[in-house]
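Enquirer: Below, each chain spelled out in residue letters.
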Amino acid sequence: MTTTPFVHLHVHSDYSPMRGVSSLETLCRSAKRQGLGALAMTDTNGLYGAIRFIEEARHEGLRPILGAELTTDTHRALLWAKTPGGYANLCRLLSARHCEPSFAFIEAVARYRDGLIIATDDQAALEAWLADDSQDLYVELTPGPAMQKTLEMSRRIGVPSVATNRVYFARADGFATHRLLRAIALNQTFSRLPQAACCNPEQWLVPPERMAAAFPHVPEALANSVRIAEACYSDWHFGDTIFPAFRELTDNAAFLTLKDDTYAGAQERYGLLSEEVRARIEKELAVIRAKRFAHYFLIVKEILTQEPLTCGRGSVAASIVSYCLKITHVDPLKHHLFFERFLNPGRKDPPDIDIDFPWDKRDGVLNWVFRQYGERQAAMVANQNSLGFRAAIRETAKVYGMPADEIGTMSARVSRQQAILDFSTPPTPEQWLNRLSRTLRLKAPWPEILEQALRAQNHFRHLSMHCGGVVIVPDEIRRYVPVEFTAKGLPVIQWEKDQAEEAGLVKIDLLGNRSLAVIRDALDAIARHTGRTIEYASWDPLHDHATQDLIRRGDTIGCFYIESPATRLLLRKLWSGMPPDRLAVADVFEYLVMVSSLVRPAAITFVHDFVRRAHGHPYEPLHPLMDDMLQETHGIMVYQEDVTKVAMALAGFPLEDADQLRKVISKKHKSRQLRDYYQQFCRGAAKNGAAPDTIDKIWTMIMSFAGYSFCKPHSASYAQVSFKSAYLRAHYPAEFIASVISNQGGFYSAFAYVSEARRMGLAILPPDVNASDWAYRGEGDRLRIGLMQVKTLQKELGERIVENRTEAGPYRSFEDFRRRVNLPPTQARALIRAGCCASLACELTRPALLWRLYAEEQRHAGPLPIPEDYTDTHKLTHEIESLGFLTSRHPLTLYRHSIERLRPVPAAHMHRHVGQRITMVGWLVTEKSVETRRGQAMEFVTLEDTTALYDATLFPNVYRRCHQFLAPNRAYLVRGLVEAVFGVVTLTVTELQPLDAEPVREPAWNGARDAWYGESCDDRSDQPPPFSLPN
Amino acid sequence: MHRDIVCLQIPSFEIVLARTHEASLRHRPVALAPVHTPRGLVREVSQEALDDGVLPGMSVELARQLCPGLRVIPPDSSRTQAAHRELQQTIMPFAPVWESIKPGSLFLDLTGTQRLFGRPIDTAARLERELTIKWGWHSQIGVAMNKLVSHLAATTLEKPPQMRSIYSGSEQAFLAPLPATLLPGLNRLQASHILRRLDDLNLRTLGSIADVSLVQLEAVLGTAAVVLHDWAMGIDHSPVRPSVEQPQIEQSLTLNPDEIDDHLILGRLSHLLERICARLRQQRRMCRRLSLALRHSDHAERMAQHILPYGTYWEADLQPVLAQLFARCFRRRVRIQRIIVRADCLEPLAEQLRLFDEPARAVQPASHRISLVLDAIRAKFGERAIAWGKTWP
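These protein sequences, in sequence, are chains A and B.
Using the working numbering, the letters of the first sequence map in sequence onto residues 1 to 1031.
Using the working numbering, the letters of the second sequence map in sequence onto residues 1 to 393.
In short, the hints are calculated from the structure, not lab data.
Treat the hints with care, since some could be wrong.
[As the list claims (entries may be wrong)] Cut-off 25 angstroms, straight-line C-alpha distance, at most; resulting in silico cross-link-like pairs (SDA-like, lysine to any residue):
| no. | chain 1 | residue 1 | chain 2 | residue 2 |
| --- | --- | --- | --- | --- |
| 1 | A | 443 | B | 253 |
| 2 | A | 443 | B | 34 |
| 3 | A | 443 | B | 263 |
| 4 | A | 443 | B | 337 |
| 5 | A | 348 | A | 60 |
| 6 | A | 443 | B | 264 |
| 7 | A | 488 | A | 98 |
| 8 | A | 928 | B | 60 |
| 9 | A | 875 | B | 193 |
| 10 | A | 875 | B | 196 |
| 11 | B | 380 | B | 285 |
| 12 | A | 875 | B | 208 |
| 13 | A | 301 | A | 255 |
| 14 | A | 443 | B | 72 |
| 15 | A | 326 | A | 265 |
| 16 | A | 791 | B | 196 |
| 17 | A | 443 | B | 24 |
| 18 | A | 443 | B | 256 |
| 19 | A | 791 | B | 204 |
| 20 | A | 875 | B | 204 |
| 21 | A | 443 | B | 261 |
| 22 | B | 380 | B | 391 |
| 23 | A | 670 | A | 383 |
| 24 | A | 497 | A | 52 |
| 25 | A | 875 | B | 211 |
| 26 | A | 32 | A | 674 |
| 27 | A | 443 | B | 37 |
| 28 | A | 791 | B | 39 |
| 29 | A | 259 | A | 241 |
Here chain A stands alone, though its shape is the one from the complex:
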């Protein structure tokens, strides 16, 4: 403990955007090392890291003092929270600073100064506040040229002084990084960085003795720092959940309302209530009452009244109460979902409820929430964006004046090398940099840039808005946390979701989901075309055979969440090789739930084990204690709750700890806690007889849940939406695919969906002003392209065209069309070139229509020629330019000449060539770049020819050679080896090149060829798929 009476009260951490250098951890550790008992954190205009600071300070045994440096262009002051009320005022003041355009600094501080201690060297502000009250008012004295003048002012006006060092970094060598951050923030080079934009090099966390040496003539300034620190509140307790209040009901009234609503909903869902249902409802209600969660449920239910078609996801789907309230649509009893994953008596943190809305309705729902609760009670959760390593390299290099292409190249090289510099133990930054400089043979100034970039990385840069998290409080949000406004004008709190949660703020995620809009639009179209009305909430397609077959075939393009190549391949692998006895009892929905959870990057290594075991291959559980609990998923940990279960069963974790372990796995700032849990897990598992290598394997499986992973209720909720999409695809393909394209989402491009529609047997009809709607329209076996596909056509005009046609009948001629719709020439041109006016042209060619359009623009009245129509090639060019892709035919048909000579294997016949090297052609549909464990780039691509889609892999050596050719909308000649895994064929590429650049060769190199491509490129293959399923 230091004997010098001084406490650092003016300290900026790296939460002071692009100013503060040192992390909270470093600052707290340094303060502790200096023997300080307390430390204040005063970040610029914010409390961005307040919750983390309290955690770090307590970890080091320091008293955490919360404060902020409030600054405007003309004034500045330090504010410390003396009481919890003072903290609330500090939050209000910071909110006003960010939200009020006419923020009056002096008046605002005067208004909210209750419970705050203030220090400043701003004379005008001091005099104004002094006139109100001299209590808790100090003059801030900092060593430097201005100190003497400030001291004189303090003595003149009779306000006591307090010593600070306006700390921006923990050690003296942080000044260079501070300058760099300032240069990045101001878009400057070092030579143009104004001196006033930076602090001075002495403003670091100097030891108290050195501070004392700077104030020999004002010892009271040092003593005052201790006095202020002692006066400030530091017993912060942010853990209590802050529940929103539903219509100002009491807790009891809210609970009774919830109970009534739950039972009413249960009647609707189940009809007669069984004892099991009643028992589950009562059990859940008891926990909800004890935890005071009734308000939360009622608020979410009320939000759902704004939109009938929703999907409650996340752990909330495990609750029968939310099922009865129609927050979720998966029956937790039927699918064995455990309520404890959502809420249990021991859980301290508030679980959040996530709701998906159709993407085009989400903003409306959000606006309703803000209308209902106002900016006073509601705000969005923030994302705290920091400077990532690549961004740090890029920004630092810009400050050093490096050209953009060199920055791009170097940043890519460094990132690529980062993972493969072989270190036996974690290197220090210096070691890493030395090794990197040697490996890459870096020339000046790059070593210096990288050194600086390493120091600048992870610095908080700015706030952005979380994609859907809203917090609602019962009284005033600005009491709890400072609020800012986003560019969209929505209030956003200064904390990201983790700090918000730790501060007890309950988050509701309101998210946009395109597939819900797809289902909605398809259901509307089905009702219009067939008269059949399907009610979304009660619709249960899980036992529909056609849908189940479609999912088994992996024929799921367009279906929510299961359309990616990886998922389709997994579905096919899973079902195609399953023995009949297993197939007879396997539940498609249950497996779909598992597949939805398994397709994530970290779990990819377990996928093949899972498929093999699902096919009945015997396996040894990693530990006997895990056998029972993971039987459903064949001994593989698939869901998040498996982590909890395994930790409890194998390592003897109590429920609370096991649940915490599940949570901290993916949280970077919890690495310390994760280390402790790892030790605890090893000890517990060893006690139960697990060998060290078994423990390692299990821990690796547990760590595969870092990044993103799902709980079973979440996957079940999503799988249900997937099933509904698949049902629509199986029974109403035209309506379904039209909705998929019209909602402009999904994994694939519009071109890929149109191609898929063609393969599904639908006729693709061109856009036409007398036939198209704004959106795509599917009916029967036809898909009519919507006017929305015409580039540059305004939505308002497109809708007017359809509306006028609906009201007054079809357009009779081009003149009639122009007169009725009042068409601007540029829009008319777009429609003519896209071929939308073909039905109006009569004897006129497209150029003739345009001639008349332009002549009218020039007010010409004489006779006009009828020029020849465009050539076919010209028309195809216009089609691509206007619609973005060819709709009249598959683009590969344009390469017919090359294809006939090359005689490639059609994709539908690929399964006949397993183990052979073959040549194929394909149009690139989608690509996914990944890195191998050694950091080498490779890629999975999906291509299609006119017969089918096929998947291909470019391993690193091929990818290196061919990656520059890969681009969307191109035809490729692909050579490679056909490989089959679990009966599913893929192509391992050995050579890839653009089709048009391929020199024509004799087809002698490929032996057996019983089918050749191109006899009719538009014909669908009549070949069965390479695997068969029992009916």
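Once you have looked at the hints, place chain B on chain A.
Expert: Showing chain B alone in chain A's frame:
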């Protein structure tokens, strides 16, 4: 009046120059494009790149996809300008009047030179040979009655060295099958709407434009129709306009390594300015315009100039102007590779001589006297004998 107009083009002139300087660029696909932006467009391509499908106007990204072995080189305007001056020197003995189209391309008016030099086509052939022998530059040459036809005659040749002569009266037959996109100027941004409209109306060749009556063409193209129709018919009366060269004094410096520090670069600029001022004083000339060109590390160039209210050769007058120009030019956060300072609009020293004996003249300002002293020291002891601290490397 009969005219003999020659259009001489050295295709991909900048690439030809780059290949002269760097042997590794020969016999491989090369494209010229700005490299400081990821969205740069290809300006010139070598024949090898052309064979792989790379075309001028294409994005660099696409060009690299089409031709993986493509070497992209940045433009170098000072080298190109210097070479173009050499080209003009070479053609000087052959043509009384010429007009620059762009670096490496010229119109030559050989009207009336037949009795002196022989037939224009022979003169053009001699010129082509001279360029090949002297510089190794292969050219494409078109000879016709006017600038437009000679230009199209040269442009439509496939590969240098080649020549094409269009006889008077056969212009229309030559032009009819040519695509309208070849018309000079139509590819420029300002005229792109005309090209778009011609494409819309399916008027894709010069012949199809010539076939439409002027009235009908005016109905869709407005006033541009007249010129376009004339061009399609092979009519172009525009004269060959000779360019006028002005004297100038230029100083440049390549920084090694490239620099970003304002103070250091300003110091180097001051040094260049001192040299220019010394030359001006030596030649007893004053400049009315000062220009500064900066070339960044990514080869992007910025140029700014300032017209002075009066002629001067004093550093004290020009230094603040140079600092202003520097602030105007150097706005990107990218290092500087090369700096070029230029003084032009030169005029002779206008010094009023005294008619009568007068008392001693007013004392010159200190800055002027320092400049003169520095001139004297350097004249006696050499350029590097004395320097200002800020200009010292």
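Enquirer: Each hint needs a verdict: does it hold in this structure or not?
Expert: Structure-based check of each hint:
1. 443(A) to 253(B): Roughly 23 angstroms between the alpha carbons, so the hint for residue 443(A) and residue 253(B) holds.
2. 443(A) to 34(B): Cα-Cα ~24 angstroms, so holds.
3. 443(A) to 263(B): 24 angstroms, holds
4. 443(A) to 337(B): Holds - the C-alpha atoms of residue 337(B) and residue 443(A) are around 17 angstroms apart, at most 25 angstroms.
5. 348(A) to 60(A): Given that 25 angstroms is the threshold and the Cα spacing comes to 24 angstroms, the pair holds.
6. 443(A) to 264(B): 21 angstroms, holds
7. 488(A) to 98(A): Given that 25 angstroms is the threshold and the Cα spacing comes to 14 angstroms, the pair holds.
8. 928(A) to 60(B): With Cα atoms ~23 angstroms apart, residue 928(A) and residue 60(B) stay inside 25 angstroms; holds.
9. 875(A) to 193(B): 20 angstroms, holds
10. 875(A) to 196(B): 15 angstroms, holds
11. 380(B) to 285(B): Holds. Residue 380(B) to residue 285(B) sits at ~22 angstroms (cutoff 25 angstroms).
12. 875(A) to 208(B): 19 angstroms, holds
13. 301(A) to 255(A): 13 angstroms, holds
14. 443(A) to 72(B): Holds. Residue 443(A) to residue 72(B) sits at ~22 angstroms (cutoff 25 angstroms).
15. 326(A) to 265(A): 7 angstroms, holds
16. 791(A) to 196(B): This hinted pair holds, its Cα atoms lying about 16 angstroms apart.
17. 443(A) to 24(B): It holds: about 23 angstroms lies between the C-alpha atoms, which stays within 25 angstroms.
18. 443(A) to 256(B): 14 angstroms, holds
19. 791(A) to 204(B): 24 angstroms, holds
20. 875(A) to 204(B): Satisfied, since the Cα-Cα distance of roughly 14 angstroms is no more than 25 angstroms.
21. 443(A) to 261(B): 19 angstroms, holds
22. 380(B) to 391(B): Roughly 20 angstroms separates the two Cα atoms, so the pair holds.
23. 670(A) to 383(A): 17 angstroms, holds
24. 497(A) to 52(A): At roughly 12 angstroms apart (the allowed maximum being 25 angstroms), residue 52(A) and residue 497(A) satisfy the hint.
25. 875(A) to 211(B): 23 angstroms, holds
26. 32(A) to 674(A): 24 angstroms, holds
27. 443(A) to 37(B): 23 angstroms, holds
28. 791(A) to 39(B): Given that 25 angstroms is the threshold and the Cα spacing comes to 22 angstroms, the pair holds.
29. 259(A) to 241(A): 22 angstroms, holds
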